[in-house]
Amino acid sequence: MSSLSAKRRRQSAARVLRQLRHDRAAMIGFLLLALFVTMALTAPLFADKSELRAVAGRNNPDLHPPNSEFWLGTDELGRDVFALVMWGARVSLYIGLLATVVAVVIGSVLGLVAGYARGWISRVMLAIDDFFLVLPFIPLAIVLALLLGRSPTIMALVIGGTFWAGGSRLIRAQVLSLRERGYVERATALGASSTHIISRHVLPGVAPLIIANASLIVPGAILAESTLAFLGLGDRFSPSWGKVLDGAQSSGALTLNAWWYYLPPGLCIIGVVLAFTLIGNALERVFDPRLLGR
Amino acid sequence: MNAPLLVVDDLNVTYRSSRGPIPAVRGVSLSLEAGETLGLAGESGSGKSSLIMALLRLVPPGTTVTGSVTMAGEDVLAMKPGRLRAVRWAEAAVVFQGAQHVLNPVRRVGQQIQEAIDCHTGSNRVDDLLEQVGIPRSRRDAYPHELSGGQKQRVMIAMALACDPELLIADEPTTALDVMVQAQVLQLLADLRSERGLAMIFITHDLSVLSTVADRLAVMYAGRLVERGPAKEMLRGAHHPYTKALAAAFPTIGDRSSRLAPSGLAGDPPDPTAVPSGCPFHPRCPIATEECAVAAVALRPLSPDWEAACIKL
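Protein chains in written order, with this note's numbering: chain A, 1 to 294; chain B, 1 to 313.
The hints are simulated quantities; they were obtained by calculation from the structure and are not laboratory data. Each hint should be verified, as a subset may be incorrect.
What the simulated footprint calls covered on chain A by chain B, stretch by stretch (three residues with Cβ under 8 Å from a Cβ of chain B suffice, anywhere in the stretch; the number is not a length) [said to hold, decoys possible]:
| no. | segment |
| --- | --- |
| 1 | 10 to 16 |
| 2 | 52 to 62 |
| 3 | 190 to 199 |
Straight line, CA to CA, 20 Å or less: simulated EDC-like cross-link-like pairs of lysine to aspartate or glutamate [unchecked claim]:
| no. | chain 1 | residue 1 | chain 2 | residue 2 |
| --- | --- | --- | --- | --- |
| 4 | B | LYS244 | B | GLU36 |
| 5 | A | LYS7 | B | ASP141 |
| 6 | A | LYS7 | B | ASP128 |
| 7 | B | LYS232 | B | ASP191 |
| 8 | B | LYS232 | B | ASP9 |
| 9 | B | LYS232 | B | ASP206 |
All C-beta atoms, glycine included, are put in the ideal place defined by N, C-alpha and C.
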């Protein structure tokens, strides 16, 4: 019997994969993402981390255009832009993904509780949600980053800790509808506890929403990180793409027409945001039961 | 003689709404012996469902339930939440109306039956339960949408049997089914009852259904019992004018006059927030007099096991 249900599970997983494979947008998204993940993973093969230090490029020409030695030229300190962009992939993806995990966990838990509980618990949750929903993100993140520090992990926690409110609202709305379903009443009559009902009936009902929402939070989190880094926050010693752009801006690369300095990190940010958005939209299409073909 | 399986005494269920309290059940008392089937009839909104949901405290938060419900010697209304969860389904299981809404559409029916067993560490096997309700065991991996309406209702019955309850509460179990399937489901319930000695409370607004399953009949109107007595006799000759009207609303096969002129009951059931004074049925009652608008009515015995709430009897 278990082999039969395992077979069913394999079949439905195969169906999701098949649908994604036939989705051109999703495939472009996955290819782009694979490219950036490869960049992040292979960065140490191309450049040692010590090359990111400010003194590393002291013997190199400053703001030199691309040549055979420096594929993407050098920055105002003589550092290899190619190395910066490769290592930047690591930092940007790390912050984007960690921030998303944090935002999804907080948002899901609060959304589930706010939707399922009634009375004052629900109202308190809703008030917290509203509070974070209306807070202006950039000033808050700047204050938090200044207070807590600027390492990539702390940046990710700051972004994740302020990015969950919208998803929480979405999940709460779905839970409010699921809570009134007949099968929840049936489970109550079965003598099931709230924990049982939430984990067996409510959570599976909102899981596709959580996954699709998560893949749409990633680009937001990466953009937010780039914004903060561009505004001067972020770690100088493990620069993200946003931080590289910040360097390009402050060194006047735009007026000097040093395109090799600002174009690669900018394109990378656009590319990774595009990749996650394409994947997120495709997941939404695949998981939405109303669009499922019979 | 053992104590009755279920004793309900002066039960009141009052819902809370933005327009004020809504009394749905008003002072109902009844009792049920082990193995006995009680048919509960009445129009929509007469309080049938509120009454039976209150038996297991399955009422929305904020609802007031007063009186007492004693199930197998224990007061349900005074139970702690943990004890209440243990009693639900193990003592009394519910066959809900509209199985398609009560089954989770994204879980296999076998898993959902197993869920009931898991909640109470029961020892029944899903395969055996499915077989008892006449569904091939190969269908346990089906999703609800892959089953017909009658099969879904059978799955609900299998689920209700999962923890060997003493009492089965069937809330209009055949409402959404066509007549043939309805007959099969009723036959199944009747068989299970005689095999297992189940007590049943069977809710319907279709009196013809009750004649095949119920031992005794109770009729509700505006949150109160208006008549109760032996099922067969009551269907042949009810005393209360409301029961008469309910019985007459169904045409008798072979009787041309009843088919050509089905006698209905004019008007609507009263708004529970504004129940008429005196006998709540008097505005629609064919034999009402002025006295009915003021006189208090209560169930009065007509014969040893037959009671009606009407001052004209």
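Consistency of the hints with the structure:
{"no.": "1", "hint": "10 to 16", "verdict": "violated (count 0)"}
{"no.": "2", "hint": "52 to 62", "verdict": "violated (count 0)"}
{"no.": "3", "hint": "190 to 199", "verdict": "holds (count 5)"}
{"no.": "4", "hint": "B:LYS244 / B:GLU36", "verdict": "violated (24 Å)"}
{"no.": "5", "hint": "A:LYS7 / B:ASP141", "verdict": "holds (11 Å)"}
{"no.": "6", "hint": "A:LYS7 / B:ASP128", "verdict": "violated (23 Å)"}
{"no.": "7", "hint": "B:LYS232 / B:ASP191", "verdict": "holds (19 Å)"}
{"no.": "8", "hint": "B:LYS232 / B:ASP9", "verdict": "violated (25 Å)"}
{"no.": "9", "hint": "B:LYS232 / B:ASP206", "verdict": "holds (14 Å)"}
Hints 1, 2, 4, 6, 8 from the earlier list are contradicted by this structure; the remaining hints agree with it.
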